[in-house]
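Trainee: Chains as they are written, first to last, in my numbering: chain A, 1 to 106; chain B, 1 to 275.
Keep in mind that the hints were calculated from the coordinates and are not lab data.
The model shown is predicted, which means the values in this text are computed figures rather than measured ones.
Among the hints, a few may not be true.
Straight-line C-alpha distance at most 30 Å; calculated DSS-like pairs for lysine-lysine [what the hints assert, rightly or not]:
hint: 1; chain 1: A; residue 1: LYS78; chain 2: B; residue 2: LYS29
hint: 2; chain 1: B; residue 1: LYS32; chain 2: A; residue 2: LYS24
hint: 3; chain 1: B; residue 1: LYS13; chain 2: A; residue 2: LYS69
hint: 4; chain 1: A; residue 1: LYS24; chain 2: A; residue 2: LYS65
hint: 5; chain 1: A; residue 1: LYS21; chain 2: B; residue 2: LYS29
hint: 6; chain 1: B; residue 1: LYS29; chain 2: B; residue 2: LYS155
hint: 7; chain 1: B; residue 1: LYS155; chain 2: A; residue 2: LYS69
hint: 8; chain 1: B; residue 1: LYS155; chain 2: A; residue 2: LYS78
hint: 9; chain 1: B; residue 1: LYS13; chain 2: A; residue 2: LYS24
hint: 10; chain 1: A; residue 1: LYS78; chain 2: B; residue 2: LYS32
hint: 11; chain 1: B; residue 1: LYS28; chain 2: A; residue 2: LYS21
hint: 12; chain 1: A; residue 1: LYS80; chain 2: B; residue 2: LYS13
hint: 13; chain 1: B; residue 1: LYS13; chain 2: B; residue 2: LYS28
hint: 14; chain 1: B; residue 1: LYS3; chain 2: B; residue 2: LYS32
hint: 15; chain 1: A; residue 1: LYS80; chain 2: B; residue 2: LYS170
hint: 16; chain 1: B; residue 1: LYS3; chain 2: A; residue 2: LYS21
hint: 17; chain 1: A; residue 1: LYS78; chain 2: A; residue 2: LYS65
hint: 18; chain 1: A; residue 1: LYS65; chain 2: B; residue 2: LYS13
hint: 19; chain 1: B; residue 1: LYS28; chain 2: A; residue 2: LYS24
hint: 20; chain 1: A; residue 1: LYS24; chain 2: B; residue 2: LYS244
hint: 21; chain 1: B; residue 1: LYS244; chain 2: B; residue 2: LYS13
hint: 22; chain 1: A; residue 1: LYS65; chain 2: B; residue 2: LYS244
hint: 23; chain 1: B; residue 1: LYS3; chain 2: A; residue 2: LYS78
hint: 24; chain 1: A; residue 1: LYS21; chain 2: A; residue 2: LYS69
hint: 25; chain 1: A; residue 1: LYS65; chain 2: B; residue 2: LYS3
hint: 26; chain 1: A; residue 1: LYS78; chain 2: B; residue 2: LYS28
hint: 27; chain 1: A; residue 1: LYS80; chain 2: B; residue 2: LYS244
hint: 28; chain 1: B; residue 1: LYS244; chain 2: A; residue 2: LYS69
hint: 29; chain 1: B; residue 1: LYS3; chain 2: B; residue 2: LYS170
hint: 30; chain 1: A; residue 1: LYS69; chain 2: A; residue 2: LYS80
Going by beta-carbon spacing under 7 Å, a handful of chain B positions derived as facing chain A [claimed, not checked]:
hint: 31; residue: PRO89
hint: 32; residue: GLY109
hint: 33; residue: THR113
Negatives, chain A to chain B, calculated, CB over 10 Å [what the hints assert, rightly or not]:
hint: 34; residue: LEU50
hint: 35; residue: ASP55
hint: 36; residue: VAL73
hint: 37; residue: TYR83
hint: 38; residue: THR89
hint: 39; residue: CYS91
We put the CB at the ideal spot given by N, CA and C, even for glycine.
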Amino acid sequence: MDPNKLKEFADAAFDRELHRKNIKESADALLSVPLAGGLFIATPTLIAFLNSWSDDDLVVEDFHKNPIKVNRVELLIKLKEAYQNSTTTWCDNFQVSNAIRRASNV
Amino acid sequence: MSKGIVIFAYNSKLDYVSIATIAARLAKKQLKLPVTLITDTEEVDYTVFDNVIIQQSNSRGQRIFKFANRTERTVWHNQNRSNAYELSPYDQTLLIDADYLMFNNSLAGLFDTDLEFACYDQVHELTGWTNLQSSARVGDPGIHMQWATVVYFTKCNLAENIFSFMQTIKENYSYYSGLYNFSMELFRNDYTLSIALQVLTGYSQDNFTQIPGTLITANTPVEIAEVRPNGEIVFVWTNRDGNKNITKVTNTNVHIMNKDSITNPAILGQLEALA
Chain A
1 MDPNKLKEFA
11 DAAFDRELHR
21 KNIKESADAL
31 LSVPLAGGLF
41 IATPTLIAFL
51 NSWSDDDLVV
61 EDFHKNPIKV
71 NRVELLIKLK
81 EAYQNSTTTW
91 CDNFQVSNAI
101 RRASNV
Chain B
1 MSKGIVIFAY
11 NSKLDYVSIA
21 TIAARLAKKQ
31 LKLPVTLITD
41 TEEVDYTVFD
51 NVIIQQSNSR
61 GQRIFKFANR
71 TERTVWHNQN
81 RSNAYELSPY
91 DQTLLIDADY
101 LMFNNSLAGL
111 FDTDLEFACY
121 DQVHELTGWT
131 NLQSSARVGD
141 PGIHMQWATV
151 VYFTKCNLAE
161 NIFSFMQTIK
171 ENYSYYSGLY
181 NFSMELFRND
191 YTLSIALQVL
201 TGYSQDNFTQ
211 IPGTLITANT
221 PVEIAEVRPN
231 GEIVFVWTNR
241 DGNKNITKVT
251 NTNVHIMNKD
261 SITNPAILGQ
271 LEALA
């Protein structure tokens with residue numbers, strides 16, 4: 001770290017709750033999945049719903065409330081990938097947050 | 001279908017072209033798409049931009065920047081934005097502010113949708129303040145603000161009409177200022193966009209499509225303290241109570257409102273290393 005930054009960092013307060021809100025917001029941005037012209041958000045509810053369905057093709061409401069005809073397996077794979085990516089990013093950053101005890105650790 | 005990114009950058013007291021160059025490099029790295037710069041200078045890094053469109057700024061607004069320790073008025077060329085539709089060489093365009101820095105590819109999905117036009121309608125402030133979102137209305141009582149910082153559009157009637165109407169609002173800013181009851185002191189693209197969307201979608205505030213998530217923003221008093229090779233950006237700011245605060249985000253797209261901070265040579269160097 002630049003030594004000139006040390007004092008600046010040492011003088012500052014680190015708000016863990018705020019940091020956690022920021023990293024959650026950042027991770028949530030990774031949940032979007034485009035398919036068949038629609039845009040879906042990888043939520044546990046949608047993933048569970050698609051897992052419970054048996055037909056290959058179905059119509060799902062996307063983020064913009066449009067009915068989109070999709071291949072269930074294709075959407076499920078993409079949603080799981082996005083969910084895993086987002087939550088892993090969130091978890092990694094959350095663990096970093098836990099380790100920060102003072103501003104100089106940031 | 002051609003796809004690409006468009007950035008407007010007009011130098012004033014601040015070197016917006018340098019900021020746009022960094023934004024373009026980051027955006028190209030994340031989205032792997034060509035970038036077009038619209039500017040009024042030929043002093044441009046042509047290795048970064050795939051197209052450069054020279055267009056004189058047709059007006060000079062003023063913007064007030066409230067930094068941690070001072071307030072500054074500076075000339076601000078922001079009124080050409082409504083020309084984006086006609087100037088964009090792409091069928092699918094992501095129009096971003098010069099100070100919107102991309103550290104992930106979360107916006108790439110927009111290009112694989114049937115959306116004709118989309119922008120953010122929510123802001124997340126890294127400071128935890130809620131000034132931007134809570135005051136995010138055009139006028140009083142006003143309509144919900146739609147943010148012009150990041151706009152996705154295709155060559156279609158809807159987008160053409162929106163930009164054309166933004167142009168009309170710009171040319172009749174005084175009239176719309178009275179109609180929507182907002183101050184004329186500052187020309188804001190966010191206002192022209194919000195009004196155009198509201199009118200063209202049936203005077204409704206819910207008939208248009210948002211970009212999922214929030215526009216993550218570092219307000220003007222927030223300085224970039226450090227940009228690290230692992231994609232971490234450390235921010236510092238002073239709260240109203242005088243206490244200095246620090247936070248960081250990793251691989252996150254951020255709208256940086258503190259132009260002083262982003263044009264600091266040390267920070268520019270660190271950003272260049274990441275781009």
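Trainee: Against this structure, judge whether each hint is valid.
Mentor: Structure-based check of all given hints:
The suggested pairing of LYS78(A) with LYS29(B) holds, with an alpha-carbon distance near 22 Å, which does not exceed 30 Å. With a CA separation close to 26 Å, the supplied pair LYS32(B) and LYS24(A) stays within the 30 Å bound. With a C-alpha separation of about 52 Å, the suggested pair LYS13(B) and LYS69(A) falls outside the 30 Å cut-off, and the hint is violated. At most 30 Å may separate the alpha-carbon atoms for a hinted pair to count; LYS24(A) and LYS65(A) meet this at roughly 24 Å.
For the hint linking LYS21(A) to LYS29(B), the alpha-carbon distance of about 27 Å falls within 30 Å, and the restraint holds. A hinted pair counts as satisfied when its Cα atoms are at most 30 Å apart, and LYS29(B) with LYS155(B) qualifies at roughly 24 Å. Using a Cα cut-off of 30 Å, the hinted pair LYS155(B) and LYS69(A) holds, with the two alpha carbons roughly 24 Å apart. Pair hint LYS155(B) plus LYS78(A) holds up; C-alpha atoms about 28 Å apart against a cutoff of 30 Å.
Distance check on the hinted pair: LYS13(B) and LYS24(A) sit about 36 Å apart at the alpha-carbon level, beyond 30 Å; violated. Restraint check for LYS78(A) and LYS32(B): the C-alpha separation of about 20 Å stays at or below 30 Å, so the hint holds. Restraint check: the Cα-Cα separation between LYS28(B) and LYS21(A) comes to about 28 Å, which is no more than 30 Å; the hinted pair holds. For the hint pairing LYS80(A) with LYS13(B), the CA-to-CA distance comes to about 47 Å; that exceeds 30 Å, so the pair is violated.
With a CA separation close to 27 Å, the supplied pair LYS13(B) and LYS28(B) stays within the 30 Å bound. The suggested pairing of LYS3(B) with LYS32(B) holds, with an alpha-carbon distance near 10 Å, which does not exceed 30 Å. A C-alpha spacing of about 44 Å is found between LYS80(A) and LYS170(B), which places the hinted pair above 30 Å, so the restraint is violated. At roughly 33 Å between alpha-carbon atoms, LYS3(B) and LYS21(A) are farther apart than 30 Å, so this suggested pair is violated.
Restraint check for LYS78(A) and LYS65(A): satisfied, since their Cα atoms lie roughly 19 Å apart, inside the 30 Å limit. Under the criterion of a C-alpha separation no larger than 30 Å, the hint pairing LYS65(A) with LYS13(B) is inconsistent with the structure, at around 45 Å. A threshold of 30 Å between alpha carbons decides the hint, and for LYS28(B) with LYS24(A) the separation of about 25 Å falls inside it, so the pair holds. Of the pairs offered as hints, the one joining LYS24(A) and LYS244(B) holds, with about 23 Å between alpha carbons and a cut-off of 30 Å not exceeded.
Restraint check: the Cα-Cα separation between LYS244(B) and LYS13(B) comes to about 28 Å, which is no more than 30 Å; the hinted pair holds. Restraint check for LYS65(A) and LYS244(B): the C-alpha separation of about 43 Å exceeds 30 Å, so the hint is violated. Between LYS3(B) and LYS78(A) the CA atoms are separated by roughly 22 Å; this keeps the pair inside 30 Å, and the hint holds. At most 30 Å may separate the alpha-carbon atoms for a hinted pair to count; LYS21(A) and LYS69(A) exceed this at roughly 34 Å.
Among the hinted pairs, LYS65(A) with LYS3(B) is consistent with the structure: their alpha-carbon atoms are about 25 Å apart, no more than 30 Å. A threshold of 30 Å between alpha carbons decides the hint, and for LYS78(A) with LYS28(B) the separation of about 23 Å falls inside it, so the pair holds. For the hint linking LYS80(A) to LYS244(B), the alpha-carbon distance of about 40 Å lies beyond 30 Å, and the restraint is violated. Our distance criterion of 30 Å between C-alpha atoms is broken by LYS244(B) and LYS69(A), whose separation comes to about 51 Å.
Proposed proximity of LYS3(B) and LYS170(B) is supported: the alpha carbons are some 27 Å apart, at most 30 Å. For a cut-off of 30 Å, the pair hint linking LYS69(A) to LYS80(A) stands: about 18 Å separates their Cα positions. Against a cut-off of 7 Å between C-beta atoms, the interface hint on PRO89(B) is violated, since the closest Cβ of chain A lies about 23 Å away. A distance limit of 7 Å between C-beta atoms decides the matter here; for GLY109(B) the minimum to chain A is near 4 Å, and the interface restraint holds.
Restraint check, THR113(B) versus chain A: the minimum CB separation of about 5 Å is within 7 Å; hint holds. Here LEU50(A) stays apart from chain B, with its beta-carbon at least about 18 Å from theirs, past the 10 Å limit. Chain B leaves ASP55(A) outside its interface by the beta-carbon criterion, the shortest separation being 23 Å against a cut-off of 10 Å. No beta-carbon of chain B comes within 10 Å of the beta-carbon of VAL73(A); the shortest separation is about 18 Å.
With a least CB separation of 14 Å from chain B, TYR83(A) remains clear of the 10 Å interface cut-off, as annotated. A beta-carbon of chain B is positioned within 10 Å of the beta-carbon of THR89(A); the least distance is around 7 Å. No beta-carbon of chain B comes within 10 Å of the beta-carbon of CYS91(A); the shortest separation is about 12 Å.
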